[in-house]
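Peer 1: Based on the provided sequences and hints, a complete structural model is requested.
Each protein sequence line maps, in turn, to chains A and B. When you line the first sequence up against the working numbering, it's residues 1 to 436, in that order. When you line the second sequence up against the working numbering, it's residues 1 to 642, in that order.
If you are wondering where the hints come from, they were derived from the structure by calculation, not from laboratory data. Hints may contain errors.
Partial list, computed: chain B residues near chain A (C-beta under 8 Å) [as the list claims (entries may be wrong)]:
(1) Leu-179
(2) Leu-182
(3) Leu-214
(4) Val-218
(5) Gly-220
(6) His-233
(7) Pro-239
(8) Gly-242
(9) Gly-329
(10) Ala-333
(11) Phe-337
The beta-carbon is built from N, C-alpha and C at its ideal position, and this holds for glycine as well.
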Amino acid sequence: MSTAHEAHDDEHGHADQGSPFIQHHYDDAQHQFDSGKLGIWLFLAQEVLFFSALFVAYILYRVHHPEIYSYAHKWLQVKYGAINTAVLIFSSLTAAWAVRAAQRNERKLLIACLAVTIGCACTFLVIKYIEYSHKVHEHILFGRYFDPCVSPGGSELLTKHNDCKGTKGTVEWSLDQAGEIDLLNGKATTGCFEQSKFDVDPQEEGLQAECHVFEVKRTRNAKGEWNETGRREITNRCPEETIGEGTGEMGAQPKSGEAEKKKGAAFPCWKAAIQPAVCVPVMVPGKASSPQFGVLVEYGDEEERGEDIAIDAKCDPSKPLAEPADIFADKAETERVGAKAIKPIHHLTTHEEHELESLGPPPAHTNMFFTIYFAMTGLHGVHVLFGVFVFIWLLIRAVKGQFNDRYFGPIDFAALYWHIVDLIWIFLFPLLYLIH
Amino acid sequence: MATPAKNPHGPQNEPDYLNVTKGLKSWLVTLDHKRIGVMYLVGIMIALVVGGAFALLLRTELWSPGKTIVAQDTYNQFFTLHGAVMVFLVIIPGIPAALGNIMMPIQLGAPDVAFPRLNLTSFYMWVAGALLLVGTIPFGGLDTGWTLYTPYSLESKTAVLVATSGVFRLGFSSIFTGLNFLVTIHKFRPQGMGWFQLPLNVWAMYATAIMQVLATPVLGITVLLLTVERFAHIGIFDPTLGGDPVLFQHFFWFYSHPAVYIMIIPGMGVASELITTFSHKPLFGYRFVAYSSVSLALLSFLVWGHHMFVSGQSRLANMVFSALTFTVGIPSAIKVFNWVATLYKGDIRLKTPMLYGLSFILLFTIGGLTGLFLAILSVDVHLHDTYFVVAHFHYVMMGSTLVAFLGGLHYWWPKFMGRMFNESVARACALGVFFGFNLTFLPQFVMGARGMPRRYWDYDPQFHIFHQLSTIGAFVLGISIFVSLVSLVASIKTGKIAPRNPWGGSSLEWQAPTPPPLYNFEKPPVLHELYNYDDLYEVEPDVWERRAPIETEHHRANELARAQGAVADHTGGATAKEHADAQIHARAEEVRAARDMMETSRGEPPVSTAVDAADAAKVAGAGENAPAEAAVKKAEDEEKKS
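Peer 2: This is the structure in structure tokens:
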């Protein structure tokens with residue numbers, strides 16, 4: 001046994017070990033199996049570390065930007081995630097069963113188990129494909145390509161690059177440099193969203209703003225400064241009624257804009273923000289003494305509307321609310337008061353806040369959620385795909401009848417690998433789909 | 001069977017591994033750990049020459065302030081490629097993948113590593129990674145520094161994508177090697193070789209492999225994310241998209257700090273072997289040296305933040321990382337003190353490997369102590385990103401690891417190539433390496449302390465003399481290494497035939513034929529007490545033998561193995577009868593344990609095969625006892641024959 005080998009030859013087995021697959025440098029089948037088992041466990045440790053960086057990134061960004069996660073995860077469809085979880089857990093069962101089948105020399109059961117495992121893995125990948133293609137279609141992607149058409153709550157978003165039907169415009173989501181507002185030159189509108197966090201009660205008296213958005217015609221004078229030559233209100237120039245129905249807390253409602261809402265209204269279109277226009281006073285340079293109220297408007301690209309049209313917005317604090325008692329007494333009165341009439345004071349529940357939030361625009365750097373989502377699920381998907389190839393290889397070998405109760409190592413190792421793929425998904429599913 | 005080798009020290013009944021098959025293809029598809037190791041060695045030597053050439057080019061550029069030979073951009077590429085090639089292609093795989101691959105299984109008395117095919121895969125991953133990394137040169141070079149820090153690496157116009165895909169492959173090459181070694185060390189120790197009979201080189205390989213398996217995946221995912229970031233702009237490290245560039249530094253150093261220990265611990269292992277062999281004295285404090293390797297490996301995971309003291313880490317994190325960094329000094333100091341204690345009253349022979357070994361102790365001590373300067377938070381603010389840091393890590397990476405690599409290469413060269421090298425040339429080169437190295441890097445400590453920043457193309461005239469000294473030193477160093485490599489390669493043709501044990505080493509590899517056969521041993525090696533030099537004597541210059549001939553001890557070893565209830569050793573030296581007896585005994589032990597309702601067998605020595613066989617046969621249920629019955633039958637047949 002010791003010396004006379006011409007070369008390493010994997011197929012050259014130990015006649016006394018009952019299987020032709022015992023490699024030469026092992027003492028016996030048990031030695032080979034033990035070595036393989038330790039090897040696969042080390043490989044799995046390596047896999048855990050490989051994924052660990054992504055989990056660390058997940059934790060880090062979640063701690064720093066919880067609002068991104070609570071907003072963006074609503075785009076994910078729990079239904080698909082749940083089906084995939086069930087599919088993977090079931091395939092883990094069949095993978096483990098395959099090991100037992102091999103140990104008991106039940107070849108047909110072994111083949112069946114392996115085939116079901118492959119089937120489940122493929123089902124997983126198909127569902128993942130459906131999810132991904134939906135996201136690609138909706139531009140709910142990572143990094144630079146994050147450019148969604150609709151918010152998770154279903155409201156339309158007007159964004160920089162997308163070509164969603166009915167929209168064309170630019171939204172400057174991050175408006176923290178509100179001090180630089182230059183309404184006339186159309187640089188930005190106002191700084192509303194950054195300051196209007198939901199912990200400010202939208203119903204609080206005096207904070208409600210009524211906003212109007214204007215298109216400003218302007219010409220340049222000899223000195224190169226802009227002069228306003230006329231303006232018209234475009235507060236709601238979009239075809240649809242309002243975005244998110246039932247959120248009557250909106251600061252601005254159309255007043256006389258019926259004509260604007262006809263079919264074929266001109267694009268770009270503008271809307272007052274869906275979010276309650278609760279704004280902290282913004283100091284506009286030059287008008288230091290007169291604090292204004294801001295509202296986020298979604299406004300068109302400068303190139304599209306031409307230089308001589310700027311967008312202006314003006315917000316005023318709403319008039320004092322009607323007494324709640326009156327509103328209770330006469331519902332019609334409430335409606336007559338119109339947009340400014342606020343429903344009786346109703347403190348939003350957490351759930352309602354989330355609902356409301358999901359209608360608004362994404363918080364800054366929401367793309368990071370999808371960077372992490374695609375990195376984690378993508379890497380996991382690659383592992384599933386690799387698992388499919390491994391199990392197909394095992395299936396072919398099982399059909400050839402190469403496994404028996406003394407040689408079943410590869411099935412055991414592949415099943416262990418499959419369990420860790422399953423386990424990683426069991427972590428990913430709640431972390432990405434089920435958070436609040 | 002091929003004709004027996006003519007070499008009297010080689011294997012007598014089969015060809016040695018160099019001649020077992022012929023032709024280029026037989027090398028390229030080999031599964032033999034020694035051949036894979038030799039291929040690694042060739043690749044690493046080429047990479048060493050390439051990386052060294054970049055070093056000499058950048059030192060030449062720094063000969064005078066301002067432009068000497070190249071412009072700034074080219075200079076940036078020189079130091080980047082020097083760093084990347086040296087770290088990823090030379091130092092990390094140098095000792096484990098080349099020398100370790102060749103020698104570690106032989107030191108274990110094993111026929112091969114656990115997963116030979118994985119070993120070959122690892123080599124080709126290395127080749128692919130190396131080609132991609134060097135392939136950046138035609139694709140626009142690389143100027144990010146070997147650290148590939150974001151956000152610059154996202155913007156650089158050079159071939160970052162090519163480099164990161166190369167580094168990704170090199171990472172997996174390293175993981176596979178580590179995984180293979182861990183399993184080999186766990187599962188391929190022969191009977192009688194417990195954890196504390198492992199040579200210290202094997203301990204070092206073990207500690208290294210832990211880090212390779214557990215740290216390198218983080219590098220893998222990091223460069224993967226960087227790669228995807230480069231072409232798909234996912235934004236994870238890109239601040240303009242909300243990403244965090246400092247996160248890259250955390251990930252990078254979570255790997256790259258353990259990587260520093262992946263580089264140095266194998267060097268410590270080799271140095272331990274060199275020092276005990278050439279002092280002909282058992283290594284002082286064996287267990288402490290072994291434990292310190294493993295504790296260094298574990299500590300290495302906890303100190304990555306000390307690379308980021310000025311990157312905007314919190315003050316608390318800085319203090320914790322600083323304190324943990326100081327603890328690294330403890331295992332390092334344990335090693336140094338134990339090596340020095342080993343030298344004390346030793347029978348020291350200043351052969352070439354020992355010259356490297358002594359250089360190692362000195363240079364590692366300097367490198368380690370200057371590391372403590374950098375671990376001090378306030379001092380680091382001044383020294384960070386200066387030549388002081390450059391000099392510090394060169395003392396560790398190069399002065400220690402590369403010197404240990406050269407020492408180990410000279411030490412084991414006669415064993416795996418079967419030829420002695422030219423001793424006087426090699427000694428001259430060893431001295432050249434030592435003095436050239438110090439001339440290169442001692443001035444850099446001075447420059448750094450005076451504020452010369454690293455990676456700068458231009459410098460203040462006050463640093464002129466230091467840069468010139470450093471450049472002269474670099475050329476002395478480069479030429480010495482190059483000559484020593486040429487001399488080694490030339491010895492394959494011209495060197496005299498090497499004996500089995502030219503240095504008086506005590507570990508198992510010196511019992512193997514020179515060069516070893518395919519499965520390393522013709523007959524099972526005899527386990528002596530580790531690092532026991534009492535019965536080793538020099539029968540003629542450079543030929544050492546044990547006083548008690550191995551053949552007679554062979555019998556004793558098998559008796560010992562049987563007494564432990566062993567199923568004989570890996571190389572199968574036991575006769576079929578001995579095999580069968582041992583199997584029966586093992587089976588009988590199980591049966592007795594079951595009978596006495598004990599969980600494990602009692603490990604009693606066999607009384608006689610007959611008693612064992614009787615006990616073994618007592619198990620009810622046909623078939624279940626088949627192996628034992630078969631063994632009984634076989635043993636009976638054997639007896640009948642004899």
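Peer 1: If you test the structure against every hint from before, which numbers come out violated?
Peer 2: When the structure is compared with the hints, numbers 7, 9, 10 and 11 turn out to be violated.
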